[in-house]
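2 protein chains.
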Amino acid sequence: MDDRVRDHAAVLVDWSARIEAGDNVVVNVAEGAHELGVAVAEKLGERGARRATMYDSDEMSRAYLRTHDGDFDGSPEHLLGLYENADAVLNLGGTRNTSATVDVPAEKRQASATASKELREVVLNTDWINTIHPTRALAQRAGMSYEGYQDFVYDAVLRDWEALAEEMARVKEILDEGSEVRIETEGTDLSMSIEKRTAVNSAASVAYDSHNLPSGEVFTAPDGTEGTVTFDVPMTIRGRRVRDARLDFENGEVVDWETTAGEGALREVIETDDGARRLGELGIGMNRGISRPTDSILFDEKMARAVHLALGRAYDACLPEDETGTDSAVHVDLITDMRGDSELVVDGETIQRDGIFEWESEGET
Amino acid sequence: MDDRVRDHAAVLVDWSARIEAGDNVVVNVAEGAHELGVAVAEKLGERGARRATMYDSDEMSRAYLRTHDGDFDGSPEHLLGLYENADAVLNLGGTRNTSATVDVPAEKRQASATASKELREVVLNTDWINTIHPTRALAQRAGMSYEGYQDFVYDAVLRDWEALAEEMARVKEILDEGSEVRIETEGTDLSMSIEKRTAVNSAASVAYDSHNLPSGEVFTAPDGTEGTVTFDVPMTIRGRRVRDARLDFENGEVVDWETTAGEGALREVIETDDGARRLGELGIGMNRGISRPTDSILFDEKMARAVHLALGRAYDACLPEDETGTDSAVHVDLITDMRGDSELVVDGETIQRDGIFEWESEGET
Numbered sequence: 015m016d017d018r019v020r021d022h023a024a025v026l027v028d029w030s031a032r033i034e035a036g037d038n039v040v041v042n043v044a045e046g047a048h049e050l051g052v053a054v055a056e057k058l059g060e061r062g063a064r065r066a067t068m069y070d071s072d073e074m075s076r077a078y079l080r081t082h083d084g085d086f087d088g089s090p091e092h093l094l095g096l097y098e099n100a101d102a103v104l105n106l107g108g109t110r111n112t113s114a115t116v117d118v119p120a121e122k123r124q125a126s127a128t129a130s131k132e133l134r135e136v137v138l139n140t141d142w143i144n145t146i147h148p149t150r151a152l153a154q155r156a157g158m159s160y161e162g163y164q165d166f167v168y169d170a171v172l173r174d175w176e177a178l179a180e181e182m183a184r185v186k187e188i189l190d191e192g193s194e195v196r197i198e199t200e201g202t203d204l205s206m207s208i209e210k211r212t213a214v215n216s217a218a219s220v221a222y223d224s225h226n227l228p229s230g231e232v233f234t235a236p237d238g239t240e241g242t243v244t245f246d247v248p249m250t251i252r253g254r255r256v257r258d259a260r261l262d263f264e265n266g267e268v269v270d271w272e273t274t275a276g277e278g279a280l281r282e283v284i285e286t287d288d289g290a291r292r293l294g295e296l297g298i299g300m301n302r303g304i305s306r307p308t309d310s311i312l313f314d315e316k317m318a319r320a321v322h323l324a325l326g327r328a329y330d331a332c333l334p335e336d337e338t339g340t341d342s343a344v345h346v347d348l349i350t351d352m353r354g355d356s357e358l359v360v361d362g363e364t365i366q367r368d369g370i371f372e373w374e375s376e377g378e379t
Numbered sequence: 015m016d017d018r019v020r021d022h023a024a025v026l027v028d029w030s031a032r033i034e035a036g037d038n039v040v041v042n043v044a045e046g047a048h049e050l051g052v053a054v055a056e057k058l059g060e061r062g063a064r065r066a067t068m069y070d071s072d073e074m075s076r077a078y079l080r081t082h083d084g085d086f087d088g089s090p091e092h093l094l095g096l097y098e099n100a101d102a103v104l105n106l107g108g109t110r111n112t113s114a115t116v117d118v119p120a121e122k123r124q125a126s127a128t129a130s131k132e133l134r135e136v137v138l139n140t141d142w143i144n145t146i147h148p149t150r151a152l153a154q155r156a157g158m159s160y161e162g163y164q165d166f167v168y169d170a171v172l173r174d175w176e177a178l179a180e181e182m183a184r185v186k187e188i189l190d191e192g193s194e195v196r197i198e199t200e201g202t203d204l205s206m207s208i209e210k211r212t213a214v215n216s217a218a219s220v221a222y223d224s225h226n227l228p229s230g231e232v233f234t235a236p237d238g239t240e241g242t243v244t245f246d247v248p249m250t251i252r253g254r255r256v257r258d259a260r261l262d263f264e265n266g267e268v269v270d271w272e273t274t275a276g277e278g279a280l281r282e283v284i285e286t287d288d289g290a291r292r293l294g295e296l297g298i299g300m301n302r303g304i305s306r307p308t309d310s311i312l313f314d315e316k317m318a319r320a321v322h323l324a325l326g327r328a329y330d331a332c333l334p335e336d337e338t339g340t341d342s343a344v345h346v347d348l349i350t351d352m353r354g355d356s357e358l359v360v361d362g363e364t365i366q367r368d369g370i371f372e373w374e375s376e377g378e379t
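Residue numbers (our numbering), protein chains in the order written: chain E, 15 to 379; chain Z, 15 to 379.
It should be emphasised that the hints constitute simulated quantities derived from the structure, not laboratory data. Every value quoted in this text rests on a predicted model; they were computed, and no experiment measured them. Among the hints, a few may not be true.
As the list claims (entries may be wrong) - Residues from chain Z that face chain E, not an exhaustive set, calculated with beta carbons under 10 Å:
no.	residue
1	E60
2	L79
3	D85
4	F86
5	H92
6	D101
7	V116
8	P119
9	E121
10	R123
11	T128
Note that beta-carbon positions come from the ideal geometry of N, C-alpha and C, so glycine has one too.
Just chain E, with the same shape it has in the complex (with noise of 0.2 Å):
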């Protein structure tokens, strides 16, 4: 085995989730993701955690939705009785095939969805983690040979987290004293204001309320915006590459906007709801393990010297008690990269040039 296969795992069980002696853990383990499997066992057994191991299959998902007849009723109960003893989940992703479930029909696919909402917030209420083990299907989408997809995927999950935590702290605490930031690059001028929003230091663990590894983000939920943005970096959107969407807002809502691709996607994503015009999410990418997109928002979202904002729903960390935020159906996330002429400015003072943070310029990282 690969050594950065046991290290994968011991960053997701030590860092991310923070397994100790006796808790209940759920492993699901999708169809490529084996190896990675085998090690995080490895990993339980050494802390004397208790497992249950799920198959997480796009291939039988595929077979049982497309044979029923789409009136579910609830959620399982036993798979409530699994995740209510749980402490922790760990989502071991890695498909054979990223269009293994294509000709599900969306209605069922929703309609089991739905169903399964109980189920759903019950596996939100452990210690969960998201994570990916490189497989050839996700190479192929990335548009990367096996190796080098799999260099891509270590560098970005074998981070030094406590340092990046730290780092990451500094900008979560410039965000949370700021009122209003500004992004300046090319076919973007936008500003919002971020008055009594906290903001997330999202360091891939449990620890920082954060569920993704790799994580390596800050983010927080803007109101008012104004301004123009040009998303450049590609997005995949319901199926669609969206290209070079740039949208108009004023009053915090989107009034124009247009693309080079994949204009039906975002559209359909922007006439949802109401809250589908407005942002619920600014991230600040800061994962120096990803330098290029990869067409996986687990990655992309986290790329350093980038930004996202997401159209739709608000995280509630973000917001102060007395406040909803935006709420959408939706929650779409659209990145810029920050690496040409760009600006990130907070109350005036630029924070981040070209995709250097002001720190990083004076050599501190």
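Using the hints provided, position chain Z relative to the given structure of chain E.
For chain Z alone, kept in the frame of chain E given last:
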């Protein structure tokens, strides 16, 4: 997908486990049983059952057990929560390596099994079924090509179970009404009492209190065994091959024995406890899809034209309420081929001659 995989899933879900709409089903998928898992998911969707899919990985179990300190503390609560809320449990065997766990210390395996006693009892309270998907590793153990082994497995699994259940009911009736069984063939002249014992018609369905697919045997609990038996079908016992075991019984107890191979393994069994010197089971194999041993007890003991006897524990289902039968920590099956010059006699009446039941020679089946 091979049509036979879908047929296997249909027999498993409909005939064996009797799954109905709304049932909470746990499917345990072995590393090599993915394809059968897909077919089962399809069938569960069709029935409107609710599924939880577990991954039963030998390699993960090995990894977990090897690093664990061996101090297991009862059954994990999350697994109890899962199985306590399950109506049915489908175990889809199919390893990729029959030696995958040989380097797990036996005492650790034992400690883990002992700690999970409560969990095992919960599973036994469900409509559980064990079956296997043919893999290359199982073909190798059987000494067969992969294709040849697939044919073998599906011949055994895809029977007319309704017709076989009826024929087996006839044998059950004879045994239930009978008092004494005699088995005669080369190297064997054995008699035993079955007075007041109840035979089980093991027809591969929970409706018959039968939990193996394939099944196809009628078994009861004998007593007061006298004479000599030679088990000419080779068996693997505790990892060692046992050949031509010849046992002499007096007053129901083994008084002398020898083998041509694997003497140590058989000695370990016989010396386990007092019950291990007595018979706990007499089984009559009736699955005509199984005509040769494949070093797998799931198949071997159902082989038509053979009888098996087990040293050790008797099944409660065979005993009257006021009798306990043979009690032991072990239950080890040994098989005698009846295709040679043989007779199976109940209360002086020959019911099977040279492996052929009386009604078969009459052309009834």
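request  = Quick one: which hint numbers does this structure break? Sort them smallest to largest.
outcome  = 7, 8, 9, 10, 11
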